[in-house]
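Sequence lines, in order, name chains A and B. Sequential numbering of the first sequence, starting at 1, is according to this note's numbering. Sequential numbering of the second sequence, starting at 1, is according to this note's numbering.
Worth flagging that the hints you see were computed from the coordinates, not collected in a lab. Incorrect hints may have been included.
Quick list of simulated restraints, FRET-style, between CB atoms [said to hold, decoys possible]: (1) 8(A) with 397(B): 47 to 57 Å; (2) 466(A) with 5(B): 37 to 47 Å; (3) 370(A) with 117(B): 43 to 53 Å; (4) 245(B) with 51(A): 41 to 51 Å; (5) 148(A) with 465(B): 19 to 29 Å; (6) 71(A) with 245(B): 20 to 30 Å.
A few chain B residues that don't get close to chain A, going by computed Cβ distances all over 10 Å [stated by the list, open to error]: (7) 1; (8) 11; (9) 50; (10) 53; (11) 164; (12) 208; (13) 209; (14) 464.
Glycine included, C-beta positions come from ideal geometry on N, C-alpha and C.
2 protein chains.
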Amino acid sequence: MELDWLLAPPLPAALPRQRVIYHRLREAILAGRLAPGTRLPASRSLAATLNIARNTVLFAYEQLMAEGCLVGNRQGTRVAALPLHPAIRSRLADARGTSLQLSARAQGALRPDPTTEGATLAFAPGVPDYGAFPFRSWRACLARAWSDASSSQLGYAALGGDPALREALAVHLTTVRGLAVQATQIVITSGTQAALDLCSRFLADDGDIIWAENPGYRSARIAFQLAGLRIHDLPVDAEGLAPSMDDWRKHPPRLIMVTPSHQYPTGRVMSLSRRLALIECARQSGTWIIEDDYDSEFRRGGPAPPALFGLQPEVPVVYVGTFSKTLFPGLRLGYLVLPQAIAADFARAAAEATRPGQGIEQRALADFIQRGHYTTHLRRMRSRYAARQAALRAALHATFGARFQLTGGEAGLHLVLWLPQRLRDTLVAARAAQMGLGVRPLRHYTKPPLRCNGLVLGYGNLQEANIPECVRRLAVAIDDHRCKP
Amino acid sequence: MELDWLLAPPLPAALPRQRVIYHRLREAILAGRLAPGTRLPASRSLAATLNIARNTVLFAYEQLMAEGCLVGNRQGTRVAALPLHPAIRSRLADARGTSLQLSARAQGALRPDPTTEGATLAFAPGVPDYGAFPFRSWRACLARAWSDASSSQLGYAALGGDPALREALAVHLTTVRGLAVQATQIVITSGTQAALDLCSRFLADDGDIIWAENPGYRSARIAFQLAGLRIHDLPVDAEGLAPSMDDWRKHPPRLIMVTPSHQYPTGRVMSLSRRLALIECARQSGTWIIEDDYDSEFRRGGPAPPALFGLQPEVPVVYVGTFSKTLFPGLRLGYLVLPQAIAADFARAAAEATRPGQGIEQRALADFIQRGHYTTHLRRMRSRYAARQAALRAALHATFGARFQLTGGEAGLHLVLWLPQRLRDTLVAARAAQMGLGVRPLRHYTKPPLRCNGLVLGYGNLQEANIPECVRRLAVAIDDHRCKP
Chain A
1 MELDWLLAPP LPAALPRQRV IYHRLREAIL AGRLAPGTRL PASRSLAATL
51 NIARNTVLFA YEQLMAEGCL VGNRQGTRVA ALPLHPAIRS RLADARGTSL
101 QLSARAQGAL RPDPTTEGAT LAFAPGVPDY GAFPFRSWRA CLARAWSDAS
151 SSQLGYAALG GDPALREALA VHLTTVRGLA VQATQIVITS GTQAALDLCS
201 RFLADDGDII WAENPGYRSA RIAFQLAGLR IHDLPVDAEG LAPSMDDWRK
251 HPPRLIMVTP SHQYPTGRVM SLSRRLALIE CARQSGTWII EDDYDSEFRR
301 GGPAPPALFG LQPEVPVVYV GTFSKTLFPG LRLGYLVLPQ AIAADFARAA
351 AEATRPGQGI EQRALADFIQ RGHYTTHLRR MRSRYAARQA ALRAALHATF
401 GARFQLTGGE AGLHLVLWLP QRLRDTLVAA RAAQMGLGVR PLRHYTKPPL
451 RCNGLVLGYG NLQEANIPEC VRRLAVAIDD HRCKP
Chain B
1 MELDWLLAPP LPAALPRQRV IYHRLREAIL AGRLAPGTRL PASRSLAATL
51 NIARNTVLFA YEQLMAEGCL VGNRQGTRVA ALPLHPAIRS RLADARGTSL
101 QLSARAQGAL RPDPTTEGAT LAFAPGVPDY GAFPFRSWRA CLARAWSDAS
151 SSQLGYAALG GDPALREALA VHLTTVRGLA VQATQIVITS GTQAALDLCS
201 RFLADDGDII WAENPGYRSA RIAFQLAGLR IHDLPVDAEG LAPSMDDWRK
251 HPPRLIMVTP SHQYPTGRVM SLSRRLALIE CARQSGTWII EDDYDSEFRR
301 GGPAPPALFG LQPEVPVVYV GTFSKTLFPG LRLGYLVLPQ AIAADFARAA
351 AEATRPGQGI EQRALADFIQ RGHYTTHLRR MRSRYAARQA ALRAALHATF
401 GARFQLTGGE AGLHLVLWLP QRLRDTLVAA RAAQMGLGVR PLRHYTKPPL
451 RCNGLVLGYG NLQEANIPEC VRRLAVAIDD HRCKP
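Generate coordinates for the entire structure from the input sequences, incorporating the hints supplied.
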């Protein structure tokens, strides 16, 4: 019997020879190339043929025997009689045929323009200034958390998250955001996307209707779709989400997703009377409101509008916050603030569904907040981002004059530059990408029949000195955009 | 107008007085206690009444005006006409009434016996030895990752996870686990639960059937239920999952979840012929197999059985691994190994659905593996856990003799002690919990009509010296269990 191929090149670099022999023999047996019952040479003889130590062969034989690929007795070593393809194939009448495919819902999450694309380019939205992150004080907090690490930080997280972090966050939200919140109402999540996923599944059932802002946050839609929700898109006017009585009657929502402090992406702020009306209608119709307050920390000019959560007692509102923009996205920590009536059950269901952890990072973040590093950092970034926005506005004005409308400057890390219909945003963005700019077309956030046309310009991670040059390139992209990218 | 209550005790400790006034005024307006049109005293006069600085009042007034709660003109400051309860209430005919409730599927994730319960007690299953964790080398890897941190580690994770970690893991799985895996086939997840959630949603659609082992891993069921899958429970015999032709015909699965290396919780090992038959049937019926190889690292006595993944080329198998037991659960890093045909799309869909991060930890883990710390730690823990299991077996034998059957010792961190029907496992476990023992009844893992009766005894975080005493307490709990807990 010819077994030279057992050590024929190319040999995998990382594997010792005994494992090469084992793998190749096993593969040949499982593929049926070595038929059941085939007798293999004695280990001593194979070792001589291959010019290797007998133990090397013995290892492979023994392992394959232990697995059931080979059977051995006094007469020698044979290939086992295994249930390979043809024997079983005939037993299955209703074979659906081989199909290595993703589910329909997973296919729905695939897009021609992934959210992750262009995140490192100038103007990419939603990217904070990584260079300004207070590495030293953060690492000191992490080091302290590691020094004190006990099994409760190394194991799965406590219900709702680390108690010290929930407490620190409750104080922070009360004093800085004006929410009268108890620690027990907070559930730590691994970021906004995880929070939206939990809300979609824990506050609504498969087939329920959710209202979404149009234009709106794309990643939220994926959470809704994967949770089996039916999305009803609602336009956003100057006062925020604008539902009609028809919407309430014909598309009664189980959930409403809003970004009232700074609508994403247009940057509009929901008026107080619209807020109260929304809460009242939601209360009457048994609807949950998900309030994503994603950019409220970087507010400019005047006090922050009050959050829906806490506007009145026991409102049917769940408040979503994150540290992705205020610290860094990779941290993967965010939070939900829930009405007391459901907070404990929500925390328990979340623990079962996600088995969260990151206890060390949670403890470090609690420390970071308690020592005042967090508010110091926020204050510093608020003025830094304000300066960047001013520089961007100045550069846009210098280049375009009053040609294009700008919205969204009251908070956050981006502006929206509205374009006339003849300058199609997707084409401009494609041309801009070739020139190293990560501007996002408003169309990507918009569902038909609405047609928003404009560019989202992130300035969070854009140095002031580079802004004029980036705007010049943008002007070229706008002029050039008819050249097919 | 009497406004003394604006600063009446008790005053919230954390808030400055201007915010107390702001909050109390706002609350009174939004609750309708201050009617629309009500005129407020001039700031100077209110300041005098309350004996505070005028600026303190002005702050509150201005913020409330900015929010739309107050309107001001030359005649003074008045409460705005806001759309409060009664006005809107009448407009909604089909009011469903207030209901602050979780969804049906969230309620389904709530259990009388939470998974997190008793995790710190002796014998709690699935808990590794936290004390043996190589803190020093791990922290050194973390420190290096922080020193080299770039925006790609601080931002959202790269598609599929950190490239260095995927590469290191591919080499590790090839050399240690015998899987011929490329880095591009690996998707880093935040642990096994997240991996099962992704598999449930990306490999199956709502309403599809999934086969689950009975008894089986409880948390997996929650992932399946929340993904809208219909669970078909299959018994496990000495050779592993035992489907009949009827199961294939009447309950055709889209997914099959198995733990072939070390069935959870019984510890049985799936035979090779059962493995091959399962793969062949899955292939023929267009079914995905989820292979959770959760405990294969701590194998004792003889070579590890081959994973389903890699047993044959292009098998419809997704391999689930985790660092929760080999390092620590709070790290929240695990991985999926996917057939090349779907790996890239799966990674993209996962990025959209979960927006993963933890770039620093991923880079540190890559470093930890590449420097050999991981295999060193595994080797060390393998012999340590083996010693613990031996000590536990000896103590059980000394106390119970051959009264009870033991299974599951070939790998992992737990043994199963089977009890006769007259000693009901749930009652014994309840009594044991009172005595500080975290044993889990087998019934918790079992679905009717099957009736498994026994105790899962975790020994991962149990010091050898304490084992005899813990077993003595267990014996008392077994004797005592009829006393209603």
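Against the earlier hints, flag every one the structure doesn't satisfy and list their numbers going up. 2, 3, 12
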